[in-house]
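Letter by letter, the chains look like this.
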Amino acid sequence: MIITLYAGVLIDRVGGKRVLILERILLIFLAAITGLILLFDQVEIWHIIVLSTITGSTIALGLPTTQSLVPQVVSEEDRQAANSMNQLGYATGRTLGPLEAGILIAVRSAALALFELTVVYGAALIATFGISVKHQRKLSKDSAFRQIVDGLAYVRRNPVLLWTIFMAFSTIFFAMIFPIVPVYARDVLEVSEVKFGWMWGALAIGQVARAFATQPAADFAGSLTGSPRAP
Amino acid sequence: MFGLGLAGFGLSDTYWLSLVFLFVAGIGFPLWVTPVVTLLQDHSVPEYRGRVMAVYTIPLQGVSIGWMLGGVLMDLIGNYPTVLVSVFGGWVVGGVALVASRDFRRA
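For the protein sequence lines, the chains are A and B, in the order given. Under our numbering, the residues of the first sequence are numbered 46 to 276, in order. Under our numbering, the residues of the second sequence are numbered 81 to 187, in order.
Since the hints were made in silico from the structure, they are not lab data. Cβ coordinates follow ideal geometry from the N, Cα and C atoms, glycine included. Treat the hints with care, as some may be off.
Which chain B residues face chain A? A few, computed with CB under 10 Å, are given here [to be verified]: (1) Pro115; (2) Glu127; (3) Ser144; (4) Trp171; (5) Val172.
Pulled a few chain B residues facing chain A out of the computed Cβ check, cut under 7 Å [said to hold, decoys possible]: (6) Leu84; (7) Ala105; (8) Thr114; (9) His123; (10) Met133; (11) Pro139.
For reference, chain A alone in the conformation it holds in the complex (with noise of 0.2 Å):
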C-alpha cells in the first residue's frame, strides 16, 4: 500500500511513462534473474519469497501508472474505449499467460517459461518507449509524505473521487469467490484438472468478449487500424 501511495507521487512528478519503463526494466531483471535461478537449480524458498515481494511490489508501482497514463495519450472522447482495450488486455494476458506458461512448463521447464516472460516484458519496454505522451510534468520540491497527504486530501475533497474509490472496495467482498471455485469444481462438480481450468477460462472469455463487444472498443480498434467510426 505504501509503495503504491509513493508510486501515485512518482508518477505526478516526473511523469508516468518514466515510471512505466523503470517498472518494466525491474520486471525483466526480475524475471530472468529468478529464471537463471530455476536453469542452475540454484533455487531455495527464501529466493522465491524475496523474488516474489519485490516483484509483487514492483507490479504495485506499475498499477497506478497506465491507467493514469490513459488520459496523457488519447483524447477525451476515446478514453472510455481506450480503458476497454486496456481491461481487454489484462483480461487477454490472464487468460493466455498461465495457460501458456503451464504448457511450457510442462512440456520443457520453469526457467524457460520465465524467459518467455523476460522477452514479453522487454517487448511491452520497447512499445512503452513509443508512447508519446502530451506534456511533461513540473518536478514539485515537495516531500513525498507531504504529497502523498495532499492527494488523500484531495480524493476525500472530491465526493466522485471519494465514493468512486469506496465502491472499488466491493471487490474484496467478489474475491471472496476465487477460493471457492476450486472447492466447487472438486467436491460439487467433480471434474478433472483440465475441466477445472476451463473455469477460470470462462471467467476470463467472458471479460475478453465483453471488452470487445463495448462499442467504445470497437471504435477505439477501429481508430487504430483506420476503420471509420460506427455511427
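Start from chain A and add chain B according to the hints.
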C-alpha cells in the same frame, strides 16, 4: 451482472451450466471496472491523477484479503452462504456509495 453470474454459479451443480454462469460473471466484471477508471480520470486534474489512481488501486489490492476471507468463511458457514456473502456484500458496498453521494450518482 457479475453478482448474478456468481450467484448462479453457486447454485449450479452442472459443469456446463457453471461455465455459462462464470462466463456471465466475466462479462459483468469489466462492465464495472472500465467506467470507474474513466470516472476517476475525468474527475481528477492532471497534477493529482497519479495519486488518485494510486489510491484507487489500494482497494483493488484488497483482492488478496477477499481470497483469505472467502477461505475462512467457507470453513465457518459453508460454500453457498459464502457465495451469497460475496455477492450481496459487493452490492451493499456499491449501494452505499450510490446512496451516500448525489454527486457520485450524477457523475
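Checked hints:
Proximity of Pro115 (chain B) to chain A holds as hinted, the smallest CB-CB distance being about 7 Å (cut-off 10 Å). Evaluation of the Glu127 (chain B) hint against chain A yields a held restraint, the C-beta minimum of about 6 Å falling below 10 Å. Given hint, Ser144 (chain B) at the interface with chain A, holds; its Cβ is 8 Å from that chain's nearest Cβ, closer than 10 Å. At its closest, the beta carbon of Trp171 (chain B) sits 8 Å from a beta carbon of chain A; the interface hint therefore holds under the 10 Å criterion.
Evaluation of the Val172 (chain B) hint against chain A yields a held restraint, the C-beta minimum of about 8 Å falling below 10 Å. Below 7 Å, beta-carbon pairs count as interface contacts, and Leu84 (chain B) has none with chain A, the closest being about 12 Å; its hint is therefore violated. Proximity of Ala105 (chain B) to chain A holds as hinted, the smallest CB-CB distance being about 6 Å (cut-off 7 Å). Checking Thr114 (chain B) against chain A: minimum C-beta separation of about 5 Å stays under 7 Å; hint holds.
Contact between His123 (chain B) and chain A, as hinted, is supported at the beta carbon level, the nearest pair being about 5 Å apart and thus within 7 Å. Interface hint status for Met133 (chain B): upheld, as the beta-carbon distance to the closest one in chain A is roughly 4 Å, under 7 Å. At a threshold of 7 Å, the smallest CB-CB gap from Pro139 (chain B) to chain A is about 4 Å, leaving the interface hint in force.
Going through the hint list in order, the structure does not satisfy hint 6, though it satisfies all others.
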